[in-house]
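Novice: Sequence:
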Amino acid sequence: MSEPCCPTGGGAQGNVMILACSGGSNVGQLSNQAAVELTLEGFGKMFCLAGIGGHLSGFVQSAKDTAAMVAIDGCQIGCVKAILEHAQVPLKAYVVLTDLGIEKNKNFTLERGTLERVKAAVREACKDLPTDVSSGPACCT
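Residue numbers (this note's numbering): 1 to 141.
Think of the hints as simulated: they come from the structure by calculation, not from any bench. Hints are supplied without guarantee of correctness; some may be wrong.
Label pairs and their in silico Cβ distance ranges [to be verified]:
| # | residue 1 | residue 2 | range |
| --- | --- | --- | --- |
| 1 | THR109 | GLY58 | 20 to 26 Å |
| 2 | LYS64 | THR98 | 16 to 22 Å |
| 3 | SER57 | GLY101 | 19 to 25 Å |
| 4 | GLY54 | ALA120 | 29 to 35 Å |
| 5 | PRO130 | GLU41 | 16 to 22 Å |
| 6 | GLY113 | ASP65 | 19 to 25 Å |
| 7 | LEU110 | HIS55 | 19 to 25 Å |
| 8 | HIS86 | GLY113 | 32 to 38 Å |
| 9 | LYS64 | GLY101 | 30 to 36 Å |
| 10 | GLY113 | HIS55 | 36 to 42 Å |
| 11 | ASN105 | CYS48 | 24 to 30 Å |
| 12 | GLY58 | GLU111 | 34 to 40 Å |
| 13 | ARG112 | GLY54 | 29 to 35 Å |
Everything numeric in this text was worked out from a predicted model, so none of it was measured. Glycine is no exception: its CB is placed at the ideal position from the N, C-alpha and C atoms.
Between the sequences and the hints, there should be enough to build the whole structure, so can you do that?
Specialist: Following this line, the structure appears as structure tokens:
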């Protein structure tokens with residue numbers, strides 16, 4: 001039996017759609033890894049940013065329909081934010097890693113302490129998102 005692709009549960013924040021940068025720098029990879037770990041911890045569900053960027057209708061509609069979403073950009077270039085704006089998806093919660101004092105570089109050895117700081121910042125950014133969401137982000141349809 002297969003599991004549902006969008007399980008409910010994980011508390012109020014278990015329903016947060018997580019959209020992360022995965023660019024070619026340490027902050028891009030920190031964004032992506034934080035999204036993976038937060039998903040595994042039940043905080044939210046990582047969602048396919050590439051599907052939104054490709055304007056695939058199911059992905060775009062799912063992003064528009066979700067009540068709780070966080071976008072994680074690695075740097076001020078703001079690729080995640082730009083993708084959402086281009087697809088006319090409203091930004092709900094937003095974190096930029098370089099705004100946290102993390103210097104952008106090409107060192108792909110991610111430090112645990114830095115990763116934990118990123119995850120804490122994402123959780124903090126989501127604190128005002130709706131908590132009465134009854135189901136998780138819509139599946140990739």
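Novice: For each hint, tell me whether it holds in the structure or not.
Specialist: The hints, checked one at a time:
Distance hint check: the CB atoms of THR109 and GLY58 are about 36 Å apart, inconsistent with the given range 20 to 26 Å. Distance hint check for LYS64 and THR98: the Cβ-Cβ separation is about 28 Å, which falls outside the suggested range of 16 to 22 Å. Our hint of 19 to 25 Å for SER57 and GLY101 is violated, since their Cβ atoms are close to 39 Å apart. Range check, GLY54 to ALA120: Cβ separation about 31 Å, and the 29 to 35 Å hint holds.
Under the hint 16 to 22 Å, the C-beta atoms of PRO130 and GLU41, about 20 Å apart, fit the expected range. About 36 Å separates the C-beta atoms of GLY113 and ASP65, a value inconsistent with the hinted range of 19 to 25 Å. Under the hint 19 to 25 Å, the C-beta atoms of LEU110 and HIS55, about 31 Å apart, miss the expected range. In this structure the hint that HIS86 and GLY113 lie 32 to 38 Å apart at CB holds, the actual value being about 34 Å.
Range check, LYS64 to GLY101: about 32 Å between beta-carbon atoms, so the 30 to 36 Å window is met. At roughly 38 Å, the beta carbons of GLY113 and HIS55 sit within the given window of 36 to 42 Å. For ASN105 and CYS48, the hinted distance range of 24 to 30 Å is satisfied, since their beta carbons lie about 27 Å from each other. A hinted range of 34 to 40 Å for the beta carbons of GLY58 and GLU111 is consistent with their spacing of about 37 Å.
The supplied range of 29 to 35 Å is met by ARG112 and GLY54, whose beta-carbon atoms lie about 33 Å from each other.
In the structure shown, a violation is registered for the earlier hints numbered 1, 2, 3, 6 and 7, in ascending order.
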